[in-house]
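Got chain A sorted already, so can you dock chain B onto it with the hints?
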Amino acid sequence: MNNNESKFQPRHLLLIIVILCVILIILSSISSSVNSSVRGVLNDVLTPMQSGLNRVGSFISDEAEDLARLRKIEEDYKALSDEVAYLREQNTRYQLQEIELARYRSLLDMKEEYEQYPSIGAHVIGENSSNWNHTVLIDRGSSDGIAVNMNVIAQGGLAGIVTSVTANSSTVRLITDHDSQVGAMALITQDSCIVRGDLEVYQEGRLILEKINKDARISDDYKIVTSNKSSLYLPGILIGYARDIDTDSNSLTKSGYIIPVVDFSHLDSVLVITQLKENGQ
Amino acid sequence: MIRRIIMYIILILGAFMLQNNFFAAVHWIDITPNLLLIVTFEFGFLRGRMHGMLIGFFCGLLSDFFFGTNVGYYALIYTLIGYGNGVLGSLFYTDFLNMPMLLCIVSDLLLGLYVFITSFLVRGAADIGHYMLRVILPEIVYTMLISLLVYKPLKALDKWVEDRSKRSAKEFV
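Sequences listed follow chains A and B, in order.
Quick note: the first sequence, position 86, residue 86 per this note's numbering, numbers continuous.
Quick note: the second sequence, position 171, residue 1171 per this note's numbering, numbers continuous.
There could be a bad hint or two in this list.
Unchecked claim - Restraint ranges, calculated between C-beta atoms of paired labels, are given here:
(1) Asp82(A) - Asn1098(B): 48 to 58 Å
(2) Leu96(A) - Leu1145(B): 35 to 45 Å
(3) Asp1163(B) - Leu232(A): 39 to 49 Å
(4) Phe1092(B) - Thr253(A): 47 to 57 Å
(5) Ala102(A) - Leu1121(B): 42 to 52 Å
Claimed, not checked - From chain B, some residues computed to sit far from chain A (all C-beta separations above 10 Å):
(6) Arg1003
(7) Met1101
(8) Glu1139
(9) Val1141
(10) Tyr1151
(11) Lys1166
Derived from the structure by calculation, the hints contain no laboratory data.
All C-beta atoms in this analysis are idealised placements derived from N, C-alpha and C, irrespective of residue type, glycine included.
Same shape as in the complex, but just chain A (with noise of 0.2 Å):
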């Protein structure tokens, strides 16, 4: 291969490489296609071998964890009792509060419809380890019914969105990824914002809740789902509770941040939704 270097100069070979690496950047940020294709071949032979590892690796992953939680529980057994108490009281107060947002529920005749959505089931097998992206790695394809655009969701709310896919595998973009922007509206007051990842701000476990109209009623503790309007995401999808919204220096938009409901760090199985958002095209 590379055993005459007097003749065949390095630096050359560099060069040539330098240059297909340009192309095939260019290539590739100008049709999908050219990714998906070459890593479909790659994919067949490496998947099997991948979910097995990341099976040994979450076996031990959570045989250490359940180690170091049997300690906190029984801490923690104590310290609950004490609230349980606390909460049925409280409990009481917010059933009647409950009833009355299904009255205004039914005023807006607003639903969370996203569980009548069909949906399939699929292991996390790989992560993006670069620690500059949140790309997830899940073992169903296209043989599955996977397809580009179609909308992750895990633990009850929004995980990610799918990027490319291959015959048995598919890549999911999370919504923490810097990437991700989705189209959200406050699930009350119908008042339209956009839910933005953002690394900075994922290491306090937040994504950002921006450009949210300056008259918009969002306040703390709002629900946020996916909007109407979202050109790739389905409507009523959770994602989160808002957090510290605050008027920009602008003074025409509110933006804060959002408490996403999935625990990224624990993310095992999640649910693709196989219905692709019709928008028109």
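Below, chain B alone, put in the same frame as chain A:
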């Protein structure tokens, strides 16, 4: 040569899967060490620019195929890192243990800055201090620790494959 290529393939695939499938599944590891980078800079350093460059290219390509949005994005930087380490390897004495540590820091720093500049800075995330402290530095520390652990074994493996290749070459020719 065949032996060497097989060794490279096993090392690259092993590092890739360990990093992306095994480590990723262990929840308490927040920042994963960059094993592919270790393979790239170590063999670049030990075996010269040609090996470093090609290993880097395939390592980068593998990352691109599975997780990248643009094919060639990581391949480009890994290739350059492999080549650069090859150049440095020919200039310095290879048995000095601090050298690979230094290389690891420089390589990982380059990689971090490359990703930051090309995909974060252009988007207006100008707070380099935060990314430096929370992403780039921890990755460098972890990668360096692992590279210290695997440097000698990898070098021994390299030598073993080299000896075997020489012996069998003598037998057959």
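Status of each hint after checking the structure:
{"no.": "1", "hint": "Asp82(A) - Asn1098(B): 48 to 58 Å", "result": "holds (56 Å)"}
{"no.": "2", "hint": "Leu96(A) - Leu1145(B): 35 to 45 Å", "result": "violated (56 Å)"}
{"no.": "3", "hint": "Asp1163(B) - Leu232(A): 39 to 49 Å", "result": "violated (56 Å)"}
{"no.": "4", "hint": "Phe1092(B) - Thr253(A): 47 to 57 Å", "result": "holds (55 Å)"}
{"no.": "5", "hint": "Ala102(A) - Leu1121(B): 42 to 52 Å", "result": "holds (48 Å)"}
{"no.": "6", "hint": "Arg1003", "result": "holds (12 Å)"}
{"no.": "7", "hint": "Met1101", "result": "holds (20 Å)"}
{"no.": "8", "hint": "Glu1139", "result": "violated (5 Å)"}
{"no.": "9", "hint": "Val1141", "result": "holds (12 Å)"}
{"no.": "10", "hint": "Tyr1151", "result": "holds (21 Å)"}
{"no.": "11", "hint": "Lys1166", "result": "holds (13 Å)"}
Violation of the numbered hints given earlier is confined to hints 2, 3 and 8; the remaining hints are satisfied by the structure.
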